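Engineer: Sequence:
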Amino acid sequence: MSQKTVRLTMAQAVARFLTRQLTDIDGERVPIFGGVFAIFGHGNVAGVGEALYAVRETLPTYRAQNEQGMANAAIAFAKASFRRRFMACTSSIGPGALNMVTSAALAHVNRLPVLFLPGDVFANRRPDPVLQQVEGFGDGTISANDCFRPVSRYFDRITRPEQIIPALRRAMQVLTDPADCGPVTLSLCQDVQAEAYDYPESFFDEKVWVPRRIEPDRDELAAAIKMLKEAKKPIIIAGGGVLYSEASAELATFADKHGIPVVETQAGKSSLPHSHPLNMGSVGVTGTSASNSLAEETDMVLAVGSRLQDFTTGSWALFKNDELKIVGLNVQLFDAGKHNGLPLISDARVGLKRISAGLGDHKADSGWTEKAKAGKAEWLVAADKATATTNAELPSDAQVIGAVQRARGGPKSTLVCAAGGLPGELHKLWQAEEPGGYHMEYGFSTMGYEVAGGLGVKLARPERDVIVMVGDGSYMMLNSEIASSIMLGAKFTIVLLDNAGYGCINRLQMETGGANFNNLLRDTHHVELPQIDFAAHAAAMGAVTRKVGSIPELETALAETADEARTTVIVIDTDPLITTEAGGHWWDVAVPEVSEREQVKTARQGYEKALQSQRFG
Numbered sequence: 001m002s003q004k005t006v007r008l009t010m011a012q013a014v015a016r017f018l019t020r021q022l023t024d025i026d027g028e029r030v031p032i033f034g035g036v037f038a039i040f041g042h043g044n045v046a047g048v049g050e051a052l053y054a055v056r057e058t059l060p061t062y063r064a065q066n067e068q069g070m071a072n073a074a075i076a077f078a079k080a081s082f083r084r085r086f087m088a089c090t091s092s093i094g095p096g097a098l099n100m101v102t103s104a105a106l107a108h109v110n111r112l113p114v115l116f117l118p119g120d121v122f123a124n125r126r127p128d129p130v131l132q133q134v135e136g137f138g139d140g141t142i143s144a145n146d147c148f149r150p151v152s153r154y155f156d157r158i159t160r161p162e163q164i165i166p167a168l169r170r171a172m173q174v175l176t177d178p179a180d181c182g183p184v185t186l187s188l189c190q191d192v193q194a195e196a197y198d199y200p201e202s203f204f205d206e207k208v209w210v211p212r213r214i215e216p217d218r219d220e221l222a223a224a225i226k227m228l229k230e231a232k233k234p235i236i237i238a239g240g241g242v243l244y245s246e247a248s249a250e251l252a253t254f255a256d257k258h259g260i261p262v263v264e265t266q267a268g269k270s271s272l273p274h275s276h277p278l279n280m281g282s283v284g285v286t287g288t289s290a291s292n293s294l295a296e297e298t299d300m301v302l303a304v305g306s307r308l309q310d311f312t313t314g315s316w317a318l319f320k321n322d323e324l325k326i327v328g329l330n331v332q333l334f335d336a337g338k339h340n341g342l343p344l345i346s347d348a349r350v351g352l353k354r355i356s357a358g359l360g361d362h363k364a365d366s367g368w369t370e371k372a373k374a375g376k377a378e379w380l381v382a383a384d385k386a387t388a389t390t391n392a393e394l395p396s397d398a399q400v401i402g403a404v405q406r407a408r409g410g411p412k413s414t415l416v417c418a419a420g421g422l423p424g425e426l427h428k429l430w431q432a433e434e435p436g437g438y439h440m441e442y443g444f445s446t447m448g449y450e451v452a453g454g455l456g457v458k459l460a461r462p463e464r465d466v467i468v469m470v471g472d473g474s475y476m477m478l479n480s481e482i483a484s485s486i487m488l489g490a491k492f493t494i495v496l497l498d499n500a501g502y503g504c505i506n507r508l509q510m511e512t513g514g515a516n517f518n519n520l521l522r523d524t525h526h527v528e529l530p531q532i533d534f535a536a537h538a539a540a541m542g543a544v545t546r547k548v549g550s551i552p553e554l555e556t557a558l559a560e561t562a563d564e565a566r567t568t569v570i571v572i573d574t575d576p577l578i579t580t581e582a583g584g585h586w587w588d589v590a591v592p593e594v595s596e597r598e599q600v601k602t603a604r605q606g607y608e609k610a611l612q613s614q615r616f617g
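Residue numbers (the UniProt record's numbering): 1 to 617.
Some hints here could point you the wrong way.
[Said to hold, decoys possible] Think about it this way: if two alpha-carbon atoms lie no more than 27 Å apart in a straight line, the pair counts; the simulated BS3-like pairs of lysine-lysine are:
#1 Lys353 - Lys325
#2 Lys257 - Lys363
#3 Lys373 - Lys257
#4 Lys373 - Lys232
#5 Lys229 - Lys353
#6 Lys229 - Lys325
#7 Lys232 - Lys353
#8 Lys229 - Lys338
#9 Lys371 - Lys385
Bear in mind the hints are in silico, worked out from the structure with no lab data behind them.
Everything numeric in this text was worked out from a predicted model, so none of it was measured.
Between the sequences and the hints, there should be enough to build the whole structure, so can you do that?
Structural biologist: As structure tokens, this is what we get:
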């Protein structure tokens with residue numbers, strides 16, 4: 001049987017294939033790839049670069065400033081799209097590729113789709129070793145791209161042009177699978193990128209990818225319903241899977257119908273509106289008093305789409321009820337069965353509907369529900385106090401959060417943040433009213449994600465008012481995609497909190513008995529302390545900038561710049577030591593058993609006492 005073919009280079013086949021992958025959103029077919037971020041070098045400019053040029057009208061290529069930055073932006077795009085759409089990233093071999101490995105780990109931990117297309121060494125080995133080639137003395141097949149293997153859901157090295165056919169098909173299966181979703185790396189040998197092959201025309205047929213809605217097993221479902229009916233003090237932990245399943249409406253209906261309070265992880269925050277009476281807010285190490293008091297007593301946890309990592313569980317010292325049972329409602333068995341939980345393998349939206357139907361009119365004890373509502377009311381008083389306006393010379397992070405919330409925290413805003421002390425304060429205090437209104441990268445806690453993340457969110461959701469909050473330490477690590485946002489006309493607002501160092505880790509250092517050392521700039525080995533003009537720095541990249549001296553000035557600046565057409569950076573000095581006292585929980589950070597310092601000895605005693613509350617296994 002003859003097969004119609006088209007002769008293309010391997011790189012051209014990749015580009016054409018990507019343009020033919022579609023998804024259905026609200027009844028409209030749209031490209032599933034939102035574009036390609038690219039920084040070209042000798043390993044990808046001739047092959048992939050030429051191929052992307054040919055499809056630039058249907059698959060836009062975005063020029064970035066840093067490979068990690070562009071990959072972070074691509075990942076933020078996927079997260080803001082609830083994994084319905086995603087992007088690809090291409091780099092040269094060597095340092096360009098390795099700059100993306102941190103981002104691959106970020107996507108891997110957070111279960112987010114991104115396609116990495118790094119260039120690689122010559123498959124024919126004629127110029128061996130080529131520029132930037134990493135040579136393994138005992139393994140001739142090694143290249144720098146092998147670093148992607150442990151942080152990719154699927155990895156393939158393309159050494160012949162026809163290999164791209166099964167590789168791309170497998171890549172799409174992983175990128176769109178709710179259970180296996182994560183980063184895919186197709187390492188493209190640079191000579192093979194330019195080699196031609198007669199590809200079947202059918203390989204480039206349009207294909208529409210829609211979310212797979214996994215139905216729960218009958219026996220697992222029955223067991224979960226039985227446990228919920230028997231529970232006296234149930235809670236729901238809402239994880240990122242609620243948002244990726246687009247199950248917020250089902251979660252609200254479930255909570256209302258059955259009177260079960262909901263607590264939110266970092267990834268799951270905004271699953272319910274902040275104003276929902278049964279949304280207790282954040283849980284765990286950075287949890288509200290309302291959530292954590294319930295978690296301490298609960299005898300039944302329905303964990304929906306959560307990895308149940310240590311910040312959520314207070315290093316497994318938060319839950320104190322000896323009768324505690326866990327149901328893991330998750331698409332991935334690896335997560336669903338954690339900590340001896342009953343796995344309920346299901347899509348979150350489908351699973352909540354099926355459980356609710358099985359529960360019928362069953363409701364949690366009214367005393368438990370009222371206790372939850374009273375706890376929330378008490379927490380809101382504490383939160384309002386922490387975020388109230390002030391004329392302090394150096395305000396706290398919480399007071400800055402309050403100002404941003406009052407000035408720009410409407411239902412159409414999206415707050416973006418990542419690492420440091422801000423995530424803990426924002427998890428407690430930010431009031432998100434719509435799904436996706438809170439965008440936090442805390443699974444890998446990647447410093448430098450924030451600015452690039454804001455760009456990715458704006459590309460995915462151009463109608464949103466995107467606000468990035470970032471500390472000076474994280475800003476210094478990776479800020480260059482401000483220039484990319486100017487190039488692309490993707491305006492967002494950055495609120496830069498300058499506490500002159502790594503304030504979060506300095507506080508942790510103090511809590512564990514350590515001396516103030518090497519975190520705040522004043523405590524470093526230095527000849528002269530840097531005097532960084534962040535406003536001038538951002539302005540040099542084209543941003544509109546303001547330096548404000550108080551919370552009232554910050555609110556005014558946020559209001560006045562809301563309609564700016566360009567990315568805006570507003571800088572404010574803050575106190576590195578003040579945090580919100582209400583809420584929170586112990587976190588397992590090992591303290592040295594032996595030290596000459598009394599502060600460490602005291603901290604060790606407290607640490608050993610706290611360990612006794614952990615539920616192991």
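Engineer: Are the hints correct? Go through all of them and say.
Structural biologist: Evaluation of the provided hints:
1. Lys353 - Lys325: holds, 21 Å
2. Lys257 - Lys363: holds, 7 Å
3. Lys373 - Lys257: holds, 15 Å
4. Lys373 - Lys232: Given that 27 Å is the threshold and the Cα spacing comes to 16 Å, the pair holds.
5. Lys229 - Lys353: holds, 16 Å
6. Lys229 - Lys325: holds, 12 Å
7. Lys232 - Lys353: holds, 21 Å
8. Lys229 - Lys338: holds, 22 Å
9. Lys371 - Lys385: holds, 22 Å
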